[in-house]
Amino acid sequence: MSHSILFDAHLCTGCRGCQVACKQWNDLEAVETTNTGSYQNPPRLSDKTWLIMKYNEVEQGDKVQFVFGRHACMHCEHPACATACPLEALHKTEEGPVLYRADRCFGCRYCMLACPFEIPTFEWDQGMFAGPWIRKCTMCADRLSVGREPACVQTCPTGALKYGQRDELLAYAHQRIQKYPERYVQHVYGEKEVGGTSVIYISHVPFEELGLPADLQDEPISHFAEDAMYATPIAAVGLAVGLTGFYWVVRRRQKMAAQKSGAGSKE
Amino acid sequence: MATRASTRRGISIREPGQQRPWLNFTELPPISPLLVILALLAALAAGIFVVRIFTGWGLVTNLNDNYGWGLWKGFNTLVGIALGASGFTTAFAVYMLGKERFHPVARIAVLVGILGYLSSVFSLLIDLGHPDRIIFPVVFWNPESPLFEVAWCVMLYLTVMILEFSPAVLNRLGLRKAEGIAHDAVIPLVIGGTVLSCLHQSSLGSLFLNVPDQLDPLWYTPMLPLFFLMSAIYVGPAVVIFASTLASRALGRGLAPDILSSLAKVIPYLLGIYLFAKILELLIADDFHLLFDGTRASGLFFLEMSVGIIFPMLMLLSARIRENVSWRFLASLMIIAGLMLNRVDVSIISWARPADALSYTVHPLEWGFTIGLWAGLALVFYLVALYFPVFGGHGDGQASD
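Heads up: the sequence lines are chains S and W, in that order.
First residue of the first sequence: 1, per the numbering used here; consecutive thereafter.
First residue of the second sequence: 268, per the numbering used here; consecutive thereafter.
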């Protein structure tokens, strides 16, 4: 059982209520808007914005249509950020959210590289004594712990965001795309991608048009470095023993050669 | 400068009447334009360090949330450790393979190794959000993380290298007993150093196994750790040639030229093995056609392989080039440049970023810190070489090139 969020792109009206609710609940500073030629604002996630709505303009035949994509931490089942973090500052909780322990973090930002969704952000404008920490969506773990749903979900007026247990939401998502096959792409994004995520999506347009990375493999990212990492202690012991043995043989040969050649001499 | 009579107090191991090429501790280093320029650049780096610590990254870098790693980590840290591999490869050749003719190289190789690793450590210190927590990996463990392993190995190996270099210092201080102990410990140190180096040089490659969807397939392969290790091995002799050629220019003494040319003889084989493995990997992974799709990635790959591998390999096959100081220096420079390009390709440039990603161009002060840091370490090298016998123990004589 784990807490989970379902985003139904078909029901989203792009009101940005979730984006505002996230700022309010987490007490995040406002960011000055910038015109990048689209409605999307702020243009991307930052340490002060943990959730944005992406305003994608998608051509459908001769029409241009707005497609709204929710962009925030996916709370992976096997998070790449947690595998990458050398100090286990980022970690997957049993309850579902991927959480961050600032008291362990030394600010290497390897999590930002490893995340396939480009989620973790960093407080770039903080000196060493004022931060700087990794910031990202917590799935409102503080609200979950007292039995309330995440702020973004509570705000959503159209039901595009749903909160529940992961298996229930998965079942609901499948039921919905089967019920309306003409409306939905027949795929639940996040069910299997990178080993599954706790935030799952259904959509009426291909998922890459929502701004999600396409073609992610089902294998958790942690598996890619796993073999190399598990081989490490074995390689260490093997190398040490091998090299010692090798040196012993070389020395013995040298000694024997010296004895042979120097048999008659003083040696 | 070096031949001034030493009647002042100070520890001297000079035999009567023998000219010693290094300075007494009581003598100040001679002021030269080189010394001043290096010191000024190092001061610039120190200034940038202070600004970063107190104000964050905004004033001195262009890093952003899509480019979490830039020049300081993607280039300095990776390149510093790779170039520092000269220490372990040379020690391995001398003590394990018994290649005694390279013995005079060992000390300078280890010194360059220490400085290479220090450049990585200092780059990490300015790049980490909380440099005061740099030793946290000792306490908080995530053995799944390649970075965790790198942190441990670098800490341990830096210690090993300092111990390996200690005979030069102890000898110079006249602490014969301690020097003897350090000498006796050399074999376990070399074995330990080799193990640690193999582990973390390859783990630096494992770092990028965690980005299967972002790194270009020309570079992304499960063999990445092995390629990182192999390239650290081939760059070792090139670094020794580079450093000792420059040092002998500055100091007027150095390694005998025949040592450097026989060191250069090894390089084409190491490069050849690497080249073969790279091509084989592309063929097996069925990525070979990507070389000819005319993208920026394929261009960079060709540049990296031609300038850094194929040209120097062919050059150093020729005895005339190996024995010519300038040409040999150029070849070693090309190998080092190729390795640098490889590391930035893997860590920064050849990544697929989302369409709405921010862009990153290196901030002038990021370069400023990098250049200043290397200038500072070159200064340390120069000073150490002025006071200590760095070109082998007894063989430290006048340069012939």
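The set of hints was computed from the structure by calculation and includes no laboratory data.
The reader is advised that the hints may include incorrect statements.
As the list claims (entries may be wrong) - Residues on chain S that point at chain W, a partial pick, calculated with CB under 10 Å:
(1) 17
(2) 66
(3) 88
(4) 110
(5) 134
(6) 226
Glycine residues also receive a C-beta, built at the ideal position from the N, C-alpha and C atoms.
Checklist entry - Which numbered hints are broken by the structure, listed smallest first? => result 1 and 2
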